[in-house]
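Colleague: Chain by chain, the residues run as shown.
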Amino acid sequence: MNQLSRRQIAWRAAQDIRDGAYVNLGIGLPTLVSDFIPKDREVVLHSENGILGMGPAPKKGEEDPDLINAGKGLTTLIPGGAFFHHNDAFLMIRGGHIDIALLGAYEVSEKGDLANWTVEDPSTPPGVGGAMDLAAGAKEIRILLEHNTKEGAPRIRKQCQYPLTAPGVVKRIYTNLAVIDVTPDGLVAREIVQGLDFAGLQDKTEARLMLANDWRMLEAPAV
Amino acid sequence: MNQLSRRQIAWRAAQDIRDGAYVNLGIGLPTLVSDFIPKDREVVLHSENGILGMGPAPKKGEEDPDLINAGKGLTTLIPGGAFFHHNDAFLMIRGGHIDIALLGAYEVSEKGDLANWTVEDPSTPPGVGGAMDLAAGAKEIRILLEHNTKEGAPRIRKQCQYPLTAPGVVKRIYTNLAVIDVTPDGLVAREIVQGLDFAGLQDKTEARLMLANDWRMLEAPAV
Amino acid sequence: MIDKQVKNVTEAVSGIKDGSTLLFAGFGAVGEPVELIQALLDSGARDLTVVCNNSGTGEVGLAKLIKERRVTKLVCSFPRTSDSHCFEEAFAEGAIELELVPQGTMSERMRAAGAGIAGFYTKTSAGTKLAAGKETREFDGKTYVLEKPLKGDVALIKALKADRWGNLVYRKSARNFNPVMAMAADLTIAQVKEIVPLGALDPEIIVTPSIFVDRIVEVGQ
Amino acid sequence: MIDKQVKNVTEAVSGIKDGSTLLFAGFGAVGEPVELIQALLDSGARDLTVVCNNSGTGEVGLAKLIKERRVTKLVCSFPRTSDSHCFEEAFAEGAIELELVPQGTMSERMRAAGAGIAGFYTKTSAGTKLAAGKETREFDGKTYVLEKPLKGDVALIKALKADRWGNLVYRKSARNFNPVMAMAADLTIAQVKEIVPLGALDPEIIVTPSIFVDRIVEVGQ
Chain R
1 MNQLSRRQIA WRAAQDIRDG AYVNLGIGLP TLVSDFIPKD REVVLHSENG
51 ILGMGPAPKK GEEDPDLINA GKGLTTLIPG GAFFHHNDAF LMIRGGHIDI
101 ALLGAYEVSE KGDLANWTVE DPSTPPGVGG AMDLAAGAKE IRILLEHNTK
151 EGAPRIRKQC QYPLTAPGVV KRIYTNLAVI DVTPDGLVAR EIVQGLDFAG
201 LQDKTEARLM LANDWRMLEA PAV
Chain G
1001 MNQLSRRQIA WRAAQDIRDG AYVNLGIGLP TLVSDFIPKD REVVLHSENG
1051 ILGMGPAPKK GEEDPDLINA GKGLTTLIPG GAFFHHNDAF LMIRGGHIDI
1101 ALLGAYEVSE KGDLANWTVE DPSTPPGVGG AMDLAAGAKE IRILLEHNTK
1151 EGAPRIRKQC QYPLTAPGVV KRIYTNLAVI DVTPDGLVAR EIVQGLDFAG
1201 LQDKTEARLM LANDWRMLEA PAV
Chain Z
2001 MIDKQVKNVT EAVSGIKDGS TLLFAGFGAV GEPVELIQAL LDSGARDLTV
2051 VCNNSGTGEV GLAKLIKERR VTKLVCSFPR TSDSHCFEEA FAEGAIELEL
2101 VPQGTMSERM RAAGAGIAGF YTKTSAGTKL AAGKETREFD GKTYVLEKPL
2151 KGDVALIKAL KADRWGNLVY RKSARNFNPV MAMAADLTIA QVKEIVPLGA
2201 LDPEIIVTPS IFVDRIVEVG Q
Chain A
3001 MIDKQVKNVT EAVSGIKDGS TLLFAGFGAV GEPVELIQAL LDSGARDLTV
3051 VCNNSGTGEV GLAKLIKERR VTKLVCSFPR TSDSHCFEEA FAEGAIELEL
3101 VPQGTMSERM RAAGAGIAGF YTKTSAGTKL AAGKETREFD GKTYVLEKPL
3151 KGDVALIKAL KADRWGNLVY RKSARNFNPV MAMAADLTIA QVKEIVPLGA
3201 LDPEIIVTPS IFVDRIVEVG Q
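Chains as they are written, first to last, in my numbering: chain R, 1 to 223; chain G, 1001 to 1223; chain Z, 2001 to 2221; chain A, 3001 to 3221.
What the hints contain is simulated information worked out from the structure, not anything from laboratory work. Predicted model, so just to flag it, every value in this text is computed and none were measured.
Some chain Z residues judged to face chain G by a derived CB distance under 8 Å, without partners named:
1. 2125
2. 2130
3. 2179
Stretch by stretch, here's where chain G covers chain A in the computed footprint (C-beta under 8 Å, at least three residues):
4. 3113-3121
5. 3162-3176
6. 3203-3209
Here are the simulated EDC-like pairs of lysine to aspartate or glutamate, each with C-alpha atoms no more than 16 Å apart in a straight line:
7. A:3161 / A:3214
8. A:3161 / R:66
9. Z:2017 / Z:2153
10. R:139 / Z:2186
11. Z:2129 / G:1120
12. R:72 / A:3083
13. G:1072 / Z:2083
14. Z:2161 / Z:2003
15. Z:2148 / A:3138
16. Z:2193 / G:1066
17. Z:2151 / A:3140
18. G:1139 / A:3186
19. A:3161 / Z:2204
20. A:3129 / R:121
21. A:3148 / Z:2138
22. A:3129 / R:120
23. Z:2161 / A:3204
24. Z:2161 / G:1066
In this text, a Cβ means the ideal position worked out from N, Cα and C, and glycines have one as well.
So here's chain R without its partners, still in its complex pose:
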């Protein structure tokens, strides 16, 4: 079974970002997406801490400690970028100005419910950051996640087991096994990796799936 690496999941998600889109990349897996946006597309990356037009990580010797991304890693600004304050950064999010938020998740439900902020571990305090603002506010939510946990448990569920970030917001899911759309009729598998059939995918998924008539192979280059 040709399952995708984390970088390949990011590559696949990047192919769907249209030229000119304003995009927020969540912490973790989604952050990798910025490396794979097709060169012929101009995409404006937004960061919750007051940046539009984030560029790649700085080259050695060009790091600026006052220029960080939402994950608190050093970043850069590309020509056309702008700085603003936190309140305007979240006005852009809450007000529906962000075209696409690509987020990580613990779980997604068949209704598009998103759980990505807490696993309710009583030993550590919870943190939410901008997750709920993005989930509720961005025009379109797309999720990148491993199809199953390390223990093999499904992450795409009938109902989320973990507390919700927002109900009914996810539109598309990219995993190491498939690309799945959340539709009013339910989850529709659009792409599946080579060596896994639909029944096999369903086996690894708690929620009920449908197979798109025009489904195709999920493939990604070695990246």
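We have chain R; now place chains G, Z and A onto it with these hints.
Modeller: Chains G, Z and A alone, transformed into the frame defined by chain R:
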């Protein structure tokens, strides 16, 4: 009777503005106040259209059509001034950041109700501008007005006859005849012009007045 | 590639439908997108709701739109200004509806539309005729009025400079309603004096980031 | 004459009372008023409620305040960061109350405090545990949560430059929470790298106008 001119009312109001105050001057009579702020005080004038640090009217040849005040007259900016957008201008007002708003009025009631936006003339459409925002938002509202109408009707009333701008907001009233404070116990005359006694002032005032124990003569230089 | 530049004001206002709600920036004539409003006049669009601080002057721009009875409703804080006779006549005839809104509330309602806020409570207008029919509520013993978002289908705005992404900077008090209206419409169209190369605007001084702007047109005045 | 400059950070934080609600700006260490927080530590103030996006790092600043059990409540969006063990220990012991707030809601609640808004409706957190106990309401068929203002007695902020009136400019992403916290407190204290002469800051590029700032101190780092 030594009643004050309009410029003298403005002069008297200006004497009460403390050093360092952030002040909004309403259209009309209050606009004159800026000419009389004592030279040893630094006062920052705010304008609803996005200015802090308004200066005097421009000198001939130095007019800038992009720099106007709330009355749409040409103005200037002094060192330390700043430009911002309309929303921040009213955030300052509504949020209680303006120390003093000096406003004109049609009427003030003994409870400090303010009526300064419409006389309900059916032949002309009403306009409110920033009057209600200022009346409800500034830390302290002080009113400048002629004590009586041209016809001799009182403007300081038991109840306002005209529609309210905001209830119970006025703290001090400057007129051509007196300086009157609005207190929880009622209106208190603090200064009265020469040649008018308290009974005479009460005659020209519909609301019941009290006389401050330490009342004094209301005097202003020829300005 | 992101290029929000359009060739001329005619193209800039193309597609504005009859019945639209339009936000017109400016405080009096300062910061007013005169050329865009003229192009809108020429486009023939009608049955418009216009949100504007004032009601137009003389017989040009918004005043002319009103004179031609193409504005069915004006949302406004201060319709009576020097030479606002077109509006006053239409109003006297009952040919235009006026929604009078305190200036700060008008601005905050547009911000709410841009910021995803479905309603907010303000002291402004509490206890006055302009709160008639509006829901009120006590917070800490004071009365507040519930105000709803004011969203435009289209905003017509004016700035000093833009780049091809649509980042904008303004000049002095001509900033006024422009940034908040830019946030509050589905389609924001900006006329600018000059379009500069991408990267020429210092990222620290951009007032309206490009995300709020859809079309820009250089009018060079 | 307006002169908001104070001599040093000790004077800058003087008069902050036990039991105060304090707003600490910064996103992680970027834009964090480190020297002011250290001076507050030295001042001995306790029983504090602190509003801050994170919970401090290592055993300095906010982390040290928490370690010394001088913070009774933290209002925060993301308390777990690298080396946030002081908070985590206090939390595990039940020695500190945590009010977890979505980052944008935290920012908007502070803006509301600064803007005279007594409450606002947001979609953020609707249908989640963080809306538990909060009033909700439908607008256009969607559920919104009523959020209240979050006001500070004191805000500690950091900027790049100031003038003696207290106008402020920032640097890159160090702007973050600083401008909104400046608006939202009764007393706003800013540490800056440099105090420049009045008039040296271009009025077009001032981000925090002086009206929001009460004390400034040059720390020269």
